Amino acid sequence: MTRYILIKILRSVFTLWIVVSAVFLVLRASGDPIYSVFSLGTPEATLDVFRAKWGIDKSIFEQYLIYLNDIIHGDFGTSFFDGQPAWDLVVARLPKTLLLGGTTFVISVVAGVLLGAFAALKRGTFWDRGIMTAAVASFSMPSYFLALMLILFFSLELRWLPTAGAETWKHLILPATTLGLTLSGSIARFTRSAMLEVLRKSYMRTARAKGAPRWRQIAWHALPNAAIPTVTVIGFQLGWLIGGSVVIETVFAWPGAGRLFITSVGVRDFAVVQLFILMVASTVIIANLLVDILYGYLDPRISVTGDNK
Amino acid sequence: MSHQQAQPATQTVTTNRIKRSRLGALLHRWGLTGEWLVTAALIYVSFILFVAVFGFLFQPYPHTQTDLFNQLQPPVFMDGGSWAHLLGTDDLGRDVLSRLIRGLRLSVLIGVIGTVIGAILGSFLGIVAAHFRGWVEEVLMMLVDIQVSLPFIIFALAILAFVGNSLTILIIVVGIDGWERYARLSRSMVLSANRQDYVLAVRSLGLNNFKIYQRHVLPNIMGTLVVQATINLPGVILLESTLSFLGLGVQPPMTSLGQILGVGRDYLILAPWIAVAPGLVIFFLTLSIAVIGDWLRDKLDPTLK
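Going down the list, the protein sequences come from chains A and B.
Residue numbering for the first sequence follows the numbering used here, starting at 166 and increasing by one per position.
Residue numbering for the second sequence follows the numbering used here, starting at 921 and increasing by one per position.
Don't read these hints as lab results, they were simulated from the structure.
Take a look, some chain B residues computed to stay more than 10 Å from chain A by CB distance:
id: 1; residue: L962
id: 2; residue: Y964
id: 3; residue: F976
id: 4; residue: F978
id: 5; residue: N990
id: 6; residue: L1087
id: 7; residue: M1109
id: 8; residue: T1150
Chain B regions said to be covered by chain A (calculated; three or more residues, Cβ under 8 Å):
id: 9; region: 1057-1066
id: 10; region: 1074-1081
A few chain B residues that don't get close to chain A, going by computed Cβ distances all over 10 Å:
id: 11; residue: A945
id: 12; residue: G975
id: 13; residue: P980
id: 14; residue: T984
id: 15; residue: D987
id: 16; residue: P995
id: 17; residue: W1003
id: 18; residue: D1011
id: 19; residue: F1052
id: 20; residue: V1146
Please read all numbers here as calculations on a predicted model, not as lab measurements.
By construction, the Cβ of each residue, glycine as well, lies at the ideal position given by its N, Cα and C atoms.
With the hints as constraints, model all of the structure from the sequences given.
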């Protein structure tokens, strides 16, 4: 088990390094970033001062080493546009993003697992087909379009809910619903197939044969076993959730980190963009590491094969 | 007399029956009996493809033609709408239907080329991983893991903003999304193919590796890869539309469905039709392709999950 976890941790560190380098390549090595701030006619002397200040007068390799060193020491640079440390800017926006993401996550996991399990139990019926069609529809729907339609109906037509902002709990309803619908659709689909797999197993027949009540067969024997593949999938959905929230925060003018990312991308503020990507990457990588470890505990068979490898 | 009168009646009945049964036989032959959802999806996708290819012939106005006297005209079925602009006009008085036809063409084009790029790249890397095994496979599979877990749209936005934005870069970026699925799939299929007798046979006959993959392995795994491409296509279309919606995808004067929606967002109160029309087109398009993809998968290759 320790070895399995160690290998996973090493892999995660290596993954993080690849992402950090990829970010460097895309953001820094793709051209002289000075021109994203200054216009082409600016005197060279002024540019040189700023090149020296931001450390982009050195060779690419030197810049890469300095960049790695800074990151290891927790220095993520300052925003080109308001001169504040990028870290402060992003961290100030995090609580709102976590609020939205957390609410969405809880809603969609509960709804997705319940609907998926229900569809599996009612396999082949009207309910099954209905839920699965709704699931496919939910992730075929462009999330921003769904958001606009909800705004159109609930905010502009019925005037029940606010269109933008994040002052009260009412502001949370529309963005969380939009994000949650898509996510619960894919979770429902995975739960259903995991559940169907489990229901075919011999231990389910044994449970039925020994006369366990229906609820106990489901809650005690089926659901925990179906949870194993579902947990991994939910772990993978985290990245999707972050990507989706970037779009949804923009549509609803939700003052979170995702919206900051979009505005920073728009003005090419690379310190902020870089920090945001690194934060997302490390969050997702750590979450996947935890899922892997959790997986090992939920299903001891896996860590055994991990050892053999 | 009565006999003569009855004749044409029976004839029409028979022709009707023949027609119905011909259509029925065709549906049956394609495995579509009772699959009304799939049939509807196929019809819709064919229609969209037709509009994407030949739509410019029916385009009432050039998609960039502005008409400042007719800004924000509602569509014909709403109060104040006119037949001059079937789906109304936008903030600059441009005809929404014309823009829709034009935007659809670019969205479909980017979606299809992007999917092909992703499929070729991914399948190639998958075959490489399966052929060389060892550390090559380890590294490639690690890249696959990274691609699966990270939200690609964030990278796509950063690339488009910092590396630059042109149609070529957009298509490549959109195409990269999803390569990992082909890579996984082709890797596992090539691994199993390499153990099978037909590959062992041609290998022992001394055929070189390139020929083995090109002539023998690839034709065998092609069907599954094509099904996977169908399943990926909606995701690619959605990614392009999202990027364009956020203003970092297709740039004016070109237009795509997502970009029209981005404009429509600012006029949601005054002119909801600008956003609703392209949104519905995208939604039904991605939904239809998803339905067809699932159906194809179940039909042709039950081994895929």
